[in-house]
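Asker: Here is how the chains run, residue by residue.
4 protein chains.
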Amino acid sequence: MTALRVTVWNEFRHEKKDAEVAKVYPQGIHEAIAKHLRTQGFSVRTASLDEPEHGLSEKVLAETDVLIWWGHMAHDEVKDEIVERVWKRINEDGMGLICLHSAHMSKIFRKLMGTGCMLRWREIGEKERVWMIEPGHPIAEGLPPYFEIPHTEMYGEHFEIPTPDDLVFINWYAGGEVFRGGCCWRRGNGKVFYFSPGHETLPIYHQPEVQRVITNAVRWAAPAAGPKIATGHFPEPLEKLG
Amino acid sequence: MTALRVTVWNEFRHEKKDAEVAKVYPQGIHEAIAKHLRTQGFSVRTASLDEPEHGLSEKVLAETDVLIWWGHMAHDEVKDEIVERVWKRINEDGMGLICLHSAHMSKIFRKLMGTGCMLRWREIGEKERVWMIEPGHPIAEGLPPYFEIPHTEMYGEHFEIPTPDDLVFINWYAGGEVFRGGCCWRRGNGKVFYFSPGHETLPIYHQPEVQRVITNAVRWAAPAAGPKIATGHFPEPLEKLG
Amino acid sequence: MTALRVTVWNEFRHEKKDAEVAKVYPQGIHEAIAKHLRTQGFSVRTASLDEPEHGLSEKVLAETDVLIWWGHMAHDEVKDEIVERVWKRINEDGMGLICLHSAHMSKIFRKLMGTGCMLRWREIGEKERVWMIEPGHPIAEGLPPYFEIPHTEMYGEHFEIPTPDDLVFINWYAGGEVFRGGCCWRRGNGKVFYFSPGHETLPIYHQPEVQRVITNAVRWAAPAAGPKIATGHFPEPLEKLG
Amino acid sequence: MTALRVTVWNEFRHEKKDAEVAKVYPQGIHEAIAKHLRTQGFSVRTASLDEPEHGLSEKVLAETDVLIWWGHMAHDEVKDEIVERVWKRINEDGMGLICLHSAHMSKIFRKLMGTGCMLRWREIGEKERVWMIEPGHPIAEGLPPYFEIPHTEMYGEHFEIPTPDDLVFINWYAGGEVFRGGCCWRRGNGKVFYFSPGHETLPIYHQPEVQRVITNAVRWAAPAAGPKIATGHFPEPLEKLG
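Protein chains in written order, with my numbering: chain H, 16 to 257; chain L, 16 to 257; chain E, 16 to 257; chain U, 16 to 257.
Bear in mind the hints are in silico, worked out from the structure with no lab data behind them.
The list makes no distinction among identical chains, and a pair is therefore deemed to hold if it is satisfied within one copy or across any two copies.
The list that follows gives simulated cross-link-like pairs (lysine-lysine, DSSO-like), each with its CA atoms no further than 30 Å apart:
{"id": "1", "residue 1": "Lys255", "residue 2": "Lys142"}
{"id": "2", "residue 1": "Lys243", "residue 2": "Lys142"}
{"id": "3", "residue 1": "Lys38", "residue 2": "Lys122"}
{"id": "4", "residue 1": "Lys103", "residue 2": "Lys74"}
{"id": "5", "residue 1": "Lys126", "residue 2": "Lys31"}
{"id": "6", "residue 1": "Lys243", "residue 2": "Lys74"}
Because the structure is a prediction, the values reported are computed rather than measured.
So that you can see chain H by itself, here it is in the shape it has in the complex:
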């Protein structure tokens, strides 16, 4: 079995502008995630907003089985043509997409969902507890019935998303909210996972349970070698008509 090819995309702006972010993720959030994934047997590369074509050339995408997306302050700077390219690669070729935390407002996630994708939020460092809702799901492998994140940004309902095909996690917050924090959807030939934990100034991507979820999600989101989608004009019937 050849290694799954993962590209970790990060808008990579906070880390350059904000000392507090740089302290937690000195080489960027993408490198923190990539570093862990490299220990899991994946073939991992990174890409970021300020590279040419945002680091997502046709060639890079063609060599990517699963794309991980982190963005926050610069969603609007992502070019529509690159969004279109990623969208096609997911729908037509079955590339997986994992959207993390504030990527709920990224262009690509919103385009795939068809809804507003906003949510309720608050940033006071309260406690979060992530509950497993589908214990038999591949993304729940190796995880306990729940795990805690000591300090988090609250993301609460209502979350403007279509009903997930699989709802894997629901979050509890000390401040009183709940959130569908781990959601799966199929889009065309591809699979999409949204996972809410994570933040630019909190060390959440260093937490083992969070890393385990991302690893599991990469395996789940990998393309299946099903039939190429065959649509369009087929003028001949398959059956002889009377």
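Got chain H; can you put chains L, E and U on it based on the hints?
Answerer: Relative to the frame of chain H, chains L, E and U by itself:
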């Protein structure tokens, strides 16, 4: 109970250009559908592409509970700002949307789905049989276990859509295909129904079972008076934190 | 439109044995629920465990559109033949079923789900907050984005249920858990709603939001007049075979 | 990675009584299926109705990752305690279950579904065409957009099942019906797949596409090593209450 307010939108081009279409739907497909709906106790208006703002001003939408959409050859002429307006009205205010036949490639349907929305098609006037898959669904009211359309345009799988929240009908075609021909989705506060039967030169919208489906779908898609979606920044926790 | 016919079933044991219960629901939980429903334009009767056939004769069921079920300490005393009768009425005729609180372990709910239906629980009177997850759902009508129950029995995940067709509410608990507290499923021609709030010694069924949910659920669960399910041997093909 | 352990269960009655069946499946349907699966790297055993405990002792089940079930004329002879044992192993431990063809009326399938599970049927050897509906699904791997079965028993809608979590295949029949012929459900920690093709006197289990589907389904249905389901009484809150 006040009457549900329905707007039937039609691109209304075929009927003006093509004598064969005009023969089947002399006042346009929209009028054929509207005429039936008026007999069902709804308050019905129509709108079409060549009217100012495509007939879908803010005022018209604000007075519409359910919008029915028929388009085919001029999907690209629908202005993006009008699509955005319809999309908002669905997601935020819960207006229902019913997309008929070739509206599977309309901008509004594709934006709501997040997928390609193409399908397999053939136009040889073969027989179609529509099977009820959810006999307890509101959209199945008053219908038999199946009904037949003597001459149809074949729309077959694969249909590039997200998994429907409810799959109400599956079509059989004499030429050998199947199709998820009656599908429901929730999007934000609104509901979307796609129904495949219909064509510009076939008298399908005059068929009682098809009219019944559209009537049922209007009732199903009507807005519910649930909570306004409350998203954004809520800096104060609901609970006192220790 | 004739009034929907609702039967409120209660095992009605706690109220007779326990003074604390009798104080909150002096005429039984069923009467507390029925009393409210009678103000909503429904035709309401009640039934309970110790009546002949548990008050659920063929005649009573044939005259019931929606059955509400409350049970707790005597699930095992419900006769299998009555469970079978209720199950048939739901699957074949489309009678709706609303299971409240501890009815998650009733024979009828477990038979309809096909899973264990156990959950995590705790009884210390903590605070619960019920969040609307599908604001456009008929069961969310007239409700705010969330409502609070000051003192509740905690019901938490993992809840051993099949994935709901619609997930309407998620509960938050002060003690740290979450719960899928408002869930819809279709079973055969019928509809099933589970709603977790409620308890024998807490005045939860007197709370207006809870009453509103039950009212909405009755309307949602009412039978649709779709086709009778037609299964079995059909030796003749619908099409002439070559 | 150790090999997945598969047990192929067959009621094994037709083959002993009916020369026509014995000609197509001389060693039984179970051996035909097992023989193919052994070439796919699985560890395969078989079991049948007339063995002690139907060949499904606690030990055998404890050593089974995925159970394949074929039954038809003797569903009622399967003992309830064995059904209960299989049900527990699926729900609690996550064993996968694949129900083939007439197993739609087996006790274990009906118990897991909670519905009647009947369907429309006809036995005239007509043509069937199986269409892929989820091309990105693991069970669609290596398959074309559709495949044909030259002579089949028709299984048509309405099929009395709960809405599948994933609908992978829809069948077309020459005689005019459609059928949800490949359906996935999660039940507790386990996964269930129903696949309609197959028959006791037709060589369908010798067909490569059918064998491929069963192979894919075994991999999909294998248990995930998620958390043990933790339900019951947890008297202590996870959070300190004010």
